[in-house]
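K.L.:
Sequence:
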Amino acid sequence: MNQENLVVDIYPQDEHKELLGAQDPNAQLQYLQPVDSTNLPFRGGSLSYTLNRFWTEEFRNSQVVDLDPKHHILPLARIKKVMKTDEEVKMISAEAPILFSRACESFIAEISIRAWHHAEESKRRTLQRSDIAVALSKSDQYDFLIDIVPREEAVQPYKRNYHHTAFGGQPAQPIPPQQQQQPQQQQPQQQPQQPPQNYYSVPRNGQEPK
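For the sequence shown, counting from 1, position 62 maps to 62 in UniProt numbering; every step adds exactly one.
The set of hints was computed from the structure by calculation and includes no laboratory data.
There's no promise every hint is true.
[As the list claims (entries may be wrong)] What follows is a list of derived Cβ distance ranges for each label pair: (1) VAL89 / LEU47: 33 to 41 Å; (2) TYR49 / CYS104: 20 to 28 Å; (3) PHE107 / SER46: 17 to 25 Å; (4) ASP143 / GLU121: 18 to 26 Å; (5) SER62 / ASP86: 20 to 28 Å.
[Stated by the list, open to error] Lysine to any residue pairs mimicking SDA-like chemistry, simulated, CA-CA at most 20 Å apart: (6) LYS138 / GLU152; (7) LYS138 / SER48; (8) LYS90 / PHE100; (9) LYS138 / TRP55; (10) LYS138 / ALA119; (11) LYS84 / LEU99; (12) LYS123 / ILE113; (13) LYS80 / ALA94; (14) LYS70 / ILE92; (15) LYS84 / ARG102; (16) LYS90 / ILE79; (17) LYS80 / LEU67.
As the structure is a computational prediction, the values presented were derived from the model and not from experiment.
We treat Cβ as the ideally placed atom computed from N, Cα and C, and that holds for glycine.
Given these sequences and hints, build the entire structure.
P.N.:
Have a look at this one:
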């Protein structure tokens, strides 16, 4: 049996054979492609609705797993190396790293959806590290990542922008150092002192002034 064309059927049912395109290998590989969460049509709704739709698609795609190493994004050698960090693991089959790779793709996709939802709430189009920290802090199932992504990173952005975002304003922009030094450099110029117009001359040698 050719291992490149081998497909593991986790839920052996005949009703999904038509979806797999068993007669057309190209259609089968197209069906087996992982879901791209950035192109899902249900993005933009509530977080719970988006996650439910996402995991529905993930469950549908997880019914079959492609065992061809060329069709996976994550490096299988790296995954296998991480698996061997456990001293009790002696031997690893060829299919195990592939299943872990597929699970990691779903894991990364879910965190990305949670973090992107927070970025959209902050009126931003760029995913930042603080968005990931906030997404992890809102769910107890990610507590094991507290050493990798500390919770302090999720709190600092709120402290920095509290006085502005709380009233619907824009976050405060830092003052450039040049503008901060300008008030110190601009000192009032002192006018030269002039002698008063009405004055008396000092007598010399006891003589009265003329």
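K.L.:
Confirm or reject each hint.
P.N.:
Status of each hint after checking the structure:
1. VAL89 / LEU47: 33 to 41 Å: The hinted range 33 to 41 Å holds for VAL89 and LEU47, with Cβ atoms some 36 Å apart.
2. TYR49 / CYS104: 20 to 28 Å: Given range 20 to 28 Å: holds, Cβ gap about 24 Å.
3. PHE107 / SER46: 17 to 25 Å: holds, 21 Å
4. ASP143 / GLU121: 18 to 26 Å: holds, 22 Å
5. SER62 / ASP86: 20 to 28 Å: For SER62 and ASP86 the Cβ distance comes to about 24 Å; the hint holds.
6. LYS138 / GLU152: Between LYS138 and GLU152 the Cα gap is close to 13 Å, so the pair holds against 20 Å.
7. LYS138 / SER48: holds, 12 Å
8. LYS90 / PHE100: The hint holds at about 17 Å.
9. LYS138 / TRP55: holds, 18 Å
10. LYS138 / ALA119: holds, 14 Å
11. LYS84 / LEU99: Given that 20 Å is the threshold and the Cα spacing comes to 15 Å, the pair holds.
12. LYS123 / ILE113: holds, 15 Å
13. LYS80 / ALA94: holds, 9 Å
14. LYS70 / ILE92: holds, 19 Å
15. LYS84 / ARG102: holds, 18 Å
16. LYS90 / ILE79: holds, 15 Å
17. LYS80 / LEU67: Given pair LYS80, LEU67 holds - Cα atoms ~15 Å apart, limit 20 Å.
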